[in-house]
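Chemist: These protein sequences, in sequence, are chains A, S and Z.
The first sequence begins at 145 in my numbering and counts up one residue at a time.
The second sequence begins at 76 in my numbering and counts up one residue at a time.
The third sequence begins at 7 in my numbering and counts up one residue at a time.
Take the hints with a grain of salt, since some may be wrong.
[As the list claims (entries may be wrong)] If you anchor each label on the Cβ, the simulated ranges turn out as follows:
#1 S:Thr403 <-> A:Arg302: 35 to 41 Å
#2 S:Asn334 <-> Z:Leu138: 51 to 57 Å
#3 Z:Leu146 <-> A:Asn323: 31 to 37 Å
#4 Z:Lys410 <-> A:Glu220: 50 to 56 Å
Honestly, the hints are just simulated from the structure, not real lab data.
Yeah, the Cβ is synthetic: ideal placement off N, Cα and C, and Gly gets one too.
Listed below, chain by chain, are the residues.
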Amino acid sequence: MSSHGGQPEEGSQAKAEAKPETQKPVEIPPLEKGIIEKITERFGDKIKFVYAKPKRIRFNVKTEDVMDFAKFLHDEVGFDQPISVAGVDYPKENIIEVVYHIGCCTKPEYTSSVFAFALRLPRDNPKTPTLIPVYRGVEYHEREAFEMLGVIFEGHPRLEKLLLPEDWADIPPLRKDFNIKGR
Amino acid sequence: MGLPPSMQVEESEEGRILTISVGPQHPGSGHFRLVVKVDGDIIVGADPDPGYVHRGEEKMCEYRNYIQNIPHLERPMIADSCGILYPFCLGVEDIANIPVPERAKYIRVILAELNRCIFELYWLGIYGIFLGHSTMFMWPMGDRELLIDLAEAATGARVTHAYFVPGGVRNDLPENFKERAIRQLDYFKHRLDQYKDIFYNNPLFLDRTKGVGVLSAQDAINLGVTGPVLRASGVKHDIRKIEPYDVYDQLDFEAYSMNSGDSYARAYIPLLEMYESINIIKQCLEKMPSGSVRTKLGPNPRGAAGESFKRVEAGRGELAYYLVSDGTPKPYRVKLSVPSFRQIPAMPHLLKGAKLADMPAIYWSLNYWPVEADR
Amino acid sequence: MATVQEFSFAEFVKSILWLTFWILVIFTLIILPIIFIVLFYVPAPEIAGIEMNPYLLLTMLVNPEIGAPLINLTLDQPLFRVMVFPGFTFAALFATAIIFVERKFLAKMQVRVGPYYAGREVFWWARSLEGLLQMLADLLKLLGKEVILPSGADKPIFWAAPVVLVIASSALIAVIPAGPGWVIADIDVGLLVVFAILGFFPLTALLASWASNSKYPFIGGLRALHQMIAYEIPLILSVLGVVILSGQLNLSKIVAAQEPYWYILLLPIGAFVFFITALAELERVPFDLPEAESEIVAGWLTEYSGMSYGLIQLASYIKLYALAGLFVTLFLGGWMGPLPLAFLGPNAPSGVDMFGVELLTTQEAVGILWFVVKTFGISVLMLLPRGINPRIRIDILLRTGWAKLIALSFINIFIALALLYLGVAGPAGPVGVISP
Chain A
145 MSSHGGQPEE GSQAKAEAKP ETQKPVEIPP LEKGIIEKIT ERFGDKIKFV YAKPKRIRFN
205 VKTEDVMDFA KFLHDEVGFD QPISVAGVDY PKENIIEVVY HIGCCTKPEY TSSVFAFALR
265 LPRDNPKTPT LIPVYRGVEY HEREAFEMLG VIFEGHPRLE KLLLPEDWAD IPPLRKDFNI
325 KGR
Chain S
76 MGLPPSMQVE ESEEGRILTI SVGPQHPGSG HFRLVVKVDG DIIVGADPDP GYVHRGEEKM
136 CEYRNYIQNI PHLERPMIAD SCGILYPFCL GVEDIANIPV PERAKYIRVI LAELNRCIFE
196 LYWLGIYGIF LGHSTMFMWP MGDRELLIDL AEAATGARVT HAYFVPGGVR NDLPENFKER
256 AIRQLDYFKH RLDQYKDIFY NNPLFLDRTK GVGVLSAQDA INLGVTGPVL RASGVKHDIR
316 KIEPYDVYDQ LDFEAYSMNS GDSYARAYIP LLEMYESINI IKQCLEKMPS GSVRTKLGPN
376 PRGAAGESFK RVEAGRGELA YYLVSDGTPK PYRVKLSVPS FRQIPAMPHL LKGAKLADMP
436 AIYWSLNYWP VEADR
Chain Z
7 MATVQEFSFA EFVKSILWLT FWILVIFTLI ILPIIFIVLF YVPAPEIAGI EMNPYLLLTM
67 LVNPEIGAPL INLTLDQPLF RVMVFPGFTF AALFATAIIF VERKFLAKMQ VRVGPYYAGR
127 EVFWWARSLE GLLQMLADLL KLLGKEVILP SGADKPIFWA APVVLVIASS ALIAVIPAGP
187 GWVIADIDVG LLVVFAILGF FPLTALLASW ASNSKYPFIG GLRALHQMIA YEIPLILSVL
247 GVVILSGQLN LSKIVAAQEP YWYILLLPIG AFVFFITALA ELERVPFDLP EAESEIVAGW
307 LTEYSGMSYG LIQLASYIKL YALAGLFVTL FLGGWMGPLP LAFLGPNAPS GVDMFGVELL
367 TTQEAVGILW FVVKTFGISV LMLLPRGINP RIRIDILLRT GWAKLIALSF INIFIALALL
427 YLGVAGPAGP VGVISP
């Protein structure tokens, strides 16, 4: 892939990755392998490994374990910079996914990687503990996920409308059943 | 006589606290509301309230296919439009496996650096207004016109270029672009030297910005700030160096960082970055191969189902796109992680305990662009 | 909403007749009696041996030779001095010219053009006078704007504050001599009058901000109060050196005492401190905190619009002229030119005369010219920091004003005393070391 720097094996790996999630990729680069081993050694079956492209790793975590996972990621593994919190709505699977992307600023071998972990929450009652005690910077991201998708972050100091107007009376806009007028 | 009724005054243990809304219509804030609680001259609390220009960019992306998304995705940041489209194009190329010709990569880097300078000059100008220095507004705005002329020669539009597309760039550079660019960049470098002498060495500017709003490295990383703000606190984190995209790994440039973490450092690093941008553009103009500039795509380019996360160093910091595709020509979810939104938590953190007069100096030194943060 | 009326010739003629009727009524019933009463008590002036009568008045309009003595008589009237020169009209015109020069000067410094279009299309030969009529355009615009009263504002003070500011600024120019003998009020305590009037400004700024009933003016007014009070003290102390060396408080005599050497050569530190504190009194950049646009919109004059705003700006620039004139009077020798009068040569005209009647002597004319040139130069120097500096912060301002400038003023006083006791300068002139 030209955007990664043009090495052919990663291209094929990315193509292989493009198949559905449940298939393990052909070959994991050593750096990411070290991280994955560290995490699976600590958490074992509680988390689910999704994919590991060069410089991108993704795991799926459950809400009960997310606080421990985040603390482990921050303190032991060394990913300390919150980049973004994205909410994705999958109405077909009745799931709302909240994906946290975390980067690293301090360990030079990890700085180019982005670690993603996702919570798959039931669509009619999406609740998850907030990660502000571990990563302070997710405060406003979580507030935006709340107002755009309806995800409730327990323990968040201020779960109010951020970008939407105060008198917004409709369903959270980024859900798939909300349609822009005229489309 | 009693207090005028318009002032919301709350009695508290320390005294009276005045709530000021540095509102969306204010010469000191752009389209952004910052509710500031002031006790005398000291700020005791600040509450950022973005959302004045929220347009639902992310929702709109789901209704248009990848190519149709280009013109409206550049609007959150029209002054740096190439920067905000860059990771989108990289992400789509990743998902749909589109190769990019070598010449297109060089042109992309040139335009991205040009846009970085255009944005930094605008930012410097507005910083001048916030500090009350009208010349510091007029000179960068005037010099910005030269760079905008270059961008217009290349892309056809002054600020809203819509130039980057998945697969390359829309059209090739004009014939005399190289000579014209080198001439204008030499003059621009000469002007940057003047800025350094006249604006950055001004004793009043130093008084207003040195030691004001100090952000420690630990706080900077934990709060998630990015770009010159992060580099001013001593953290060497420049995406162009860490995770080079396109041809940045073949170019020779420096990413600066300073240790003081105050507003002066946050204002000085953009100046150094502008010097490096001139350097990068000149190198690219030398090294650029000839060839096509765009991969011809079918009418509805699509990729397999999957996701991609691409990030780029835009003028304000790290801009990242999280793209989820479900195999159709329209993206399933586009999440923009913009640097302006990430600087928001730094505002209450830095403003608490500062003087009211420091509020513009700190707020604008965080490289905040209200339209981009609202998307 | 008013509907547009169709033009009707009958209405037009009726309105003209109505206007004529009222002019005749007012003239006959009010103005003529006033003239008679005035002429009863005030003797009519004599022109060319004939006592004034209406026939002579009308003749003067077409024959200026007879009118010249009348003009000479007018120039000696105190009312002329108050209203025209060196009084209000001159100050207002000077202020307007300074506003225009400021805009053009700053524009050239900032790679811009400044006012450009106003006045360009008026006359074909006026193309090079870019924007010269801009001030007239601004005046007409301000006159036409609505003055919005904020709800809950204190009405009497809100309306009165700009007027009081103009009155106070104009009162300052009453004691400044614009030429030898050309001063409105030749008071022996002229300098004390200046300081007394300067005390009006912080108070009025605070009242104006309070009466606006809004948060931004509130903060701006408090800042204006702090700033002006903090800088009045170094202002007064820096002038003390001049008073010591000249032994006078009368401004005309201070100018005369600078005959051997101008005081800026003897007391440069005092001049410097005076200049800085004058900038702070005028709220000019870098001291324009009370009007800090990026933090508190427009400070204590946020809620003023239309002609109230115009009056505040007029007061501000008349104060600029007054303080520049004061600087010239105290430190730069007032109306004295650097060259002695004999420089003009033996064939110099003895004065400015009109048909044989001398209006101004040569010394007066040259003095006025030098005063205007010097005041203009100092005003432009006061405009300069606006293009160079950002705004200062309140704690740096107060620290500078209360600590550093007062210290410099005291050093200045010691220098003045040293010069006095060494006999270099003083009220009695250079006398040599005074023996104890």
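Chemist: Evaluate each hint against the coordinates.
Modeler: Hints, verified against the model:
no. : hint                              : in the structure
1   : S:Thr403 <-> A:Arg302: 35 to 41 Å : 37 Å, holds
2   : S:Asn334 <-> Z:Leu138: 51 to 57 Å : 53 Å, holds
3   : Z:Leu146 <-> A:Asn323: 31 to 37 Å : 54 Å, violated
4   : Z:Lys410 <-> A:Glu220: 50 to 56 Å : 55 Å, holds
Checked against the numbered hints above, the structure breaks only hint 3 and satisfies the rest.
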